Amino acid sequence: MSERRSPPDELLITALTSGYGGASVLEGVDLGPCRAGEIVSLLGPNAAGKTTLLRAIAGLQPAHGSVRLAGTELLDLSLADHARLVGYMPQSLPQRIGLTVIEATIGALRTGNWEKGDQGARSLEAIAYDAIEDVGIGHLALREVGHLSGGQRQLASLSQALVRAPRVLLLDEPISALDLHYQLRVMKLVQAVARRRGMIVVMVLHDLSIAARWSDRVALLSGGRIVAQGTPGEAITAERLAEVYRVEATVSPAAQGLSIVIEDIIED
Amino acid sequence: MPRSETAARSALREDTLRAYARTVRRRVALLIVLLIATLATFGLDIATGPSYLPLSRVSAALFAPASLDLASLTIVREVRLPMALMALLVGASLSLAGAEMQTILDNPLASPFTLGVSSAASFGAALGIVLGFGLPGLAADWIVPINAFICAFGSVLLLEALARSRAAGTQGVILFGIALVFTFNALVALLQFVATQESLSQLVFWIMGALGRSTWESVAILGVVCAMAFPFSLRAANAMTALRLGEDRARSFGIDIRRLRFFSLLRISALAGTSVAFVGTIGFVGLVGPHIARLLLGEDHRFLLPASMLTGALVMSLASVASKLLVPGVLLPVGIVTSIIGVPIFLALILKRPDRV
Ligand SMILES: Nc1ncnc2c1ncn2[C@@H]1O[C@H](COP(=O)(O)OP(=O)(O)OP(=O)(O)O)[C@@H](O)[C@H]1O
Ligand SMILES: [Mg+2]
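From first to last, the protein sequence lines stand for chains A and B.
Residue numbering for the first sequence follows our numbering, starting at 17 and increasing by one per position.
Residue numbering for the second sequence follows our numbering, starting at 12 and increasing by one per position.
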């Protein structure tokens, strides 16, 4: 896989607004700068606008404001140019897919809008297989996606996003259906790939401990606004969790990341 | 990592890539088999007919026309050949239209027939047959097909407008299509009610779907439509494969889904509208052709689309042969026979691979 160019990428989002029809969801989001090789986790309650934010960054829905990647304004790009720079893994995955895992991953490469980098000489099949093996499901490559378990399908979906080697990778709850082993495996893989390629990863997570352990930065989103961002230790505090999630928690530094214990919910 | 594990991994990698390459080769082989089967059935289609002609005369008509009497020559060259070609073209067109529809509307029940395109065409035809209603300045022969085409096209535009407006999801489009079926069927029934005896029998025959009125002219027109649509379908094949992974996902690959959908619906209306215009409503093949192709070759559209054309052509051609042989001496409307032939094939495949449908 290719090493990224210098100078390293930087992603900066300012005053981003977006919504559906008349209803606005994101009310001026400022996020970043996110640096090359970093993992940024988006946290926040249901309906906070996390998916909306990722889709807006991916160019999948109309948005105003600014999303800059190393001096390029992403919101001005066509969908095709956008797709070259930004990869996206959706939160919900279709059920009935008759393609095999490797066909689906090759399918992600056949549309042309991706940077081949120094892989020029390799066949699409080989590139696709390696992405599948990276996420740990080489043995499932020939199985139909529709026949996989929920977690396996999520891994197949991740390989479809990773394989295009984007400069910014957006992952919407990539480990929500995974068992403990694969949760860790995916986080390690994503971190390793981000570091190696200088890729910026923005991912939505619901597990605060995992976010604290693996993210370089976290951002808390609530009601369409970023209410806190910084290193996990800076952004995740008991007061913020009470405010954003309505839970009583104790947060203390741990050997890796934070130790977060949720005691109870706060009734209104 | 221990060495044995590394070895096992690279063995799995080699095996998988080889197996995938094998799958691709098997699909190409299957396409060739389908093509041969279709050509064989086409031959059989020309060789059979209500008027008894020995095989030697049929082949003479094709390859050594100078040596043959005019009657036999006319039967083979002006009746059987256009009919047999029309069967292939109609089957291929409807099946390709169905395959594209099922993918872009993300619904396995989509087909020109189930979404009202055929019903709309019937309505257009009925307007011409019963009320003599048609565009001014057209030759009488052309009023019915042109009416049918315009109505088919209009119904596809409605479907496309609905699919475009974010208001309705794919389920909404299907529901709307079903509403179209009922609406146009009711309108056709109304026209039947007021029709004269003579126009009624003409209309019923048309609605049943028949190849009998195929001419070289109509064959040429449908052939051109088919030949023009197919390369564009193939060019959209990779985008359609990606669309199977979900709309957001396909868009994140840089595919303009609206554009894909629009041009696909344009092809569908040309293919289905022209077919229905010439041979009437033939329902089953547009739904089942793509399913047979999918069961045999999977969902990679580079294979699925051409395979759908071949399975459609094959089913129609078989139906055409059967329509001549089922009741000796009588030419049954092929639309009826298509279902009779198609259903068993379809059921056999479903029972073999229930998950793929
Ligand atoms: N397609 C849509 N049409 C209209 N409103 C929508 C649509 N999708 C989301 N919304 C609304 O936008 C708001 C934010 O939704 P979003 O999906 O971004 O939340 P989220 O933070 O990703 O939540 P979750 O953790 O449940 O995935 C919600 O109030 C939701 O109702
Ligand atoms: Mg979400």
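Please keep in mind that the hints were generated in silico from the structure rather than gathered at the bench.
Be a bit skeptical, because a hint or two may be false.
Here are a few chain A residues that face chain B, going by a calculated C-beta distance under 8 Å [to be verified]:
1) HIS98
2) LEU109
3) ILE118
4) ALA120
5) TYR145
6) ILE153
7) HIS155
8) GLY214
These figures come from a predicted structure and were not determined experimentally.
Ideal Cβ placement from N, Cα and C applies to all residues, glycine included.
Each hint tested on the structure:
Restraint check, HIS98/A versus chain B: the minimum CB separation of about 7 Å is within 8 Å; hint holds. With a least beta-carbon distance of about 7 Å to chain B, the hint placing LEU109/A at the interface is held under the 8 Å criterion. Given hint, ILE118/A at the interface with chain B, holds; its Cβ is 6 Å from that chain's nearest Cβ, closer than 8 Å. Taking 8 Å as the C-beta cut-off, the interface hint given for ALA120/A holds, the closest approach to chain B being about 6 Å.
Using the Cβ-Cβ criterion of 8 Å, the hint placing TYR145/A at the interface with chain B is satisfied: the shortest such distance is roughly 6 Å. Checking ILE153/A against chain B by beta carbon gives a least distance of about 11 Å; that is not within 8 Å, so the hint is violated. The closest approach between the C-beta of HIS155/A and any C-beta of chain B is roughly 6 Å, which is under the 8 Å cut-off, so the hint is satisfied. Here the hint on GLY214/A is broken, as its CB sits about 21 Å from the closest CB of chain B, past 8 Å.
In summary, the structure is inconsistent with hints 6 and 8 from the numbered list given earlier, while agreeing with the others.
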